[in-house]
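Student: Here are the chains, one letter per residue:
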Amino acid sequence: MPPTVAERPRSSATERRKRTTAAVILSLPLILFAAVFVIYPLASGALTAFQSSTLLDQSNEPNGIDNFVSLFRSDGFAKAAGFTLGFSAAVVAIEMVLGFALALLMNRAFPGKKLFFTLLLLPIMVAPALLGVMFRLLLNGDIGALPALLDSVGLSVSLFSPDSVVPLLVVLDVLQWTPFTFLIIYAGLQSFPKELLEASAMDGAGYLRSLTSVIVPVLKPVLFAAFFLRAIDAIRTFDVIYVLTAGGPGTSTTTLSIYIYKTAFESGDFGKAAAAALVVLVCLIPFVPFIVRRISSTGMEAKK
Amino acid sequence: MRRKAMALGAMVVSAALLAGCSAGSNGSAGDEGSGEGTVKLVAWPGPEGDAMSKVVDAYNAGQGEDDGVDVELTLLSRQDTFSKEAALMASKSSDVDIYFTASYNIGQFAPSLEPLTDIDTSAYFPVAAEGLTYEDELYALPLDVSNHFLLYRKDLTDALLSDPAAQAEYETVSESVLGEKRAPKDPAEWDLDDFKVAAAYFSKSENPDSPTEYGTILQAKNLLYNTMIWNDVLWGYGGNWEEDGQAALTSDAAKKAVELYADIYKNGWTSPDSAQAEFPETQAALQSGDTAFAIQWSAAFAALNDPAQSPDVAGKIAIAPVPGGKTHVHALAVSLNKYSENKAAAKKFLSFLASTDAMTQYAQAGGIPPMPEVLEAQAAVNPAFAQVSETIDENGFSEPVFPKTFQAYSKLAEDLSGAWVGQTDVDDALETANANLQELLG
Chain A
1 MPPTVAERPR
11 SSATERRKRT
21 TAAVILSLPL
31 ILFAAVFVIY
41 PLASGALTAF
51 QSSTLLDQSN
61 EPNGIDNFVS
71 LFRSDGFAKA
81 AGFTLGFSAA
91 VVAIEMVLGF
101 ALALLMNRAF
111 PGKKLFFTLL
121 LLPIMVAPAL
131 LGVMFRLLLN
141 GDIGALPALL
151 DSVGLSVSLF
161 SPDSVVPLLV
171 VLDVLQWTPF
181 TFLIIYAGLQ
191 SFPKELLEAS
201 AMDGAGYLRS
211 LTSVIVPVLK
221 PVLFAAFFLR
231 AIDAIRTFDV
241 IYVLTAGGPG
251 TSTTTLSIYI
261 YKTAFESGDF
271 GKAAAAALVV
281 LVCLIPFVPF
291 IVRRISSTGM
301 EAKK
Chain B
1 MRRKAMALGA
11 MVVSAALLAG
21 CSAGSNGSAG
31 DEGSGEGTVK
41 LVAWPGPEGD
51 AMSKVVDAYN
61 AGQGEDDGVD
71 VELTLLSRQD
81 TFSKEAALMA
91 SKSSDVDIYF
101 TASYNIGQFA
111 PSLEPLTDID
121 TSAYFPVAAE
131 GLTYEDELYA
141 LPLDVSNHFL
151 LYRKDLTDAL
161 LSDPAAQAEY
171 ETVSESVLGE
181 KRAPKDPAEW
191 DLDDFKVAAA
201 YFSKSENPDS
211 PTEYGTILQA
221 KNLLYNTMIW
231 NDVLWGYGGN
241 WEEDGQAALT
251 SDAAKKAVEL
261 YADIYKNGWT
271 SPDSAQAEFP
281 ETQAALQSGD
291 TAFAIQWSAA
301 FAALNDPAQS
311 PDVAGKIAIA
321 PVPGGKTHVH
331 ALAVSLNKYS
341 ENKAAAKKFL
351 SFLASTDAMT
361 QYAQAGGIPP
371 MPEVLEAQAA
381 VNPAFAQVSE
391 TIDENGFSEP
401 VFPKTFQAYS
411 KLAEDLSGAW
421 VGQTDVDDAL
431 ETANANLQEL
441 LG
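In order, the protein sequences belong to chains A and B.
Numbering-wise (the working numbering), the first sequence opens with residue 1 and increments by one.
Numbering-wise (the working numbering), the second sequence opens with residue 1 and increments by one.
If you are wondering where the hints come from, they were derived from the structure by calculation, not from laboratory data.
For glycine and all other residues, C-beta sits at the position ideal for the given N, C-alpha and C.
Careful: at least some of the hints might be erroneous.
[Claimed, not checked] For the chain A half of the interface with chain B, some residues (derived, Cβ under 10 Å), not all of them:
(1) Leu155
(2) Ser158
(3) Val165
[Said to hold, decoys possible] Just so you have them, the derived chain B footprint on chain A, three or more residues with Cβ under 8 Å:
(4) 51-58
(5) 98-111
(6) 172-180
(7) 209-216
[What the hints assert, rightly or not] If you anchor each label on the Cβ, the simulated ranges turn out as follows:
(8) A:Ser152 x B:Glu243: 45 to 55 Å
(9) B:Glu137 x A:Ser59: 19 to 29 Å
(10) B:Asp244 x A:Phe290: 52 to 62 Å
(11) A:Phe192 x B:Glu439: 51 to 61 Å
(12) A:Val69 x B:Asp186: 48 to 58 Å
(13) A:Met134 x B:Asp209: 32 to 42 Å
(14) B:Pro47 x A:Ala35: 36 to 46 Å
(15) B:Ala308 x A:Met134: 18 to 28 Å
(16) A:Asp66 x B:Asp191: 46 to 56 Å
(17) B:Glu137 x A:Ser152: 52 to 62 Å
(18) B:Glu439 x A:Ser59: 15 to 25 Å
Extracted from the complex, chain A is given alone in its bound form (with noise of 0.2 Å):
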């Protein structure tokens, strides 16, 4: 028997309840996830970032801005952001023209690609500090092999001189995550509808105009995902450089995860280094909808 127009909203209540319930249900998890693990020490950075919490000064208070004075009273901050910055453009941009030609290239057929496409994800399978102490051997002037094998074709190159250490970390940096980028492209490519790449070849376009008015746009999306990972990874930089410079020389190659690190646990003053994260993140979030606006965006609306 059909339900009665007067039983219709109830049943319709109950499973709009039941939907609710389900939906709480699935999701507890998550949000118990993100409540232990990206909540709660986010509060507790944040307080962190208006008390007096140092190893000398345990006592927590609350101190007001007085962090972020210091912080911004210190040049060390200014200094590193800045590098940060100009280290982070300069890696983001070789990793991704190299990883787009990279994934252009293993979208075609060619003998002992098998190969090469494991070799090249190699570096993004060492973790980052145990890369930094392999480079820090490889190239280390008096027992490397690199510098040996320089050595012997007439090439004396001083790796970590004042002049050469800035280039060497990017280079190291663009051999490391290049695969990253390359990855995520190539995985939009393999989803790239031919037929786009077909009718522009109809219409007589060559390779070069169908990359740059067909494939390009259409990978808008896939590019700005690889941009935005591959951005905030750069911006944390921390092990590979720590590793080999520790900053240095002086302050020439100190990033915002360096001077954090160095705040919080070699000078002792925690309540500084929430605030310099802290200031980080300010600075970030207005990035983040429009970064995710182009990621969830289909490329093909780009056209319309």
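Following the hints, complete the assembly by docking chain B onto the known chain A.
Tutor: Showing chain B alone in chain A's frame:
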């Protein structure tokens, strides 16, 4: 929905940045405990951790059974032991009963440590115990002593001292470097000017006939331990960090000390890579045979004369006091956590460690205990022991202990490492370092 996703994404990004900076809530003030049970101890790996591991095993199998105490040793990473301890201290954790500490961070860590009141320090080097005393209280038990030596290629200096033609060339180099002719001397008699001339003489950039590529290797990386080595030069020129509470890094001695580094670096008498060198790079430079001598940590000597580890130079490396006659001395140590829940048991183990028997075991296991009596008795174990004992007595100095000593080492490395390698102006670097040191001195 999208906004929620964005907010969640933003939080994930920021949590990673902020999580490590969070200080925990207040813990309890610790407890004496029953005097028995498990005592948790941390140390760093390497010669000190390996030696401590053997001492702990011996204690657990012997006196520990009588005491009813079982010591659990955890070796953390060599680079980050103090960082991890700082995080534990900031959260007033009782997870560890005995911390691994050192002269250079005792002032900073003191608020989280329990003063040791019943320890007789008369068997230790006075400089080691003084370096662990803060506001008239001993906060750590000396465990291992570290200082510097000049480690040099004896075969090369002997050849120089026995060859009149080489001596004449040395004098020519000396005139070019110092403006005066100096005859070569035994490295045990070098002052800092001899160090500079010898660095030039043994470098191909100054003397194409040099048997080595570089005279020396400077440890010029932006690292607090490298400040300790530079301090030898500063003290050797008669300088100091401070006088009567006032930072003294704009002195002539400080300027000469930085200029010595900068001259050696800019003239190519050290490898250009020494801008990023520390202990391992210095070892590598000496082991490769490309470098004639270096100011290096005492722990390095045994490895350089071990044919298995240093096949090219073993048997050729000799040891002498640091030119200028001053060596930084610090003690690695162990301290009682103020928030430990088992202090009485931890004190039993610390009392054992303070005995000459325990330190003898430690020396035999590869450590360098800070007890002159033990070092002399165990001279057969390590050929450097006799030199360590003599040098610390005669030439050792300890930087002033104040709450921010640890930060001062780091800050000086940060402010001066650019000038050490000629990247920044010497006077500017020293003025910055002096201002920062004054702020840290309070």
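Student: Against which earlier hints does the structure fall short, listed by number upward?
Tutor: The structure breaks hints 1, 5, 6, 7; every other hint is satisfied.
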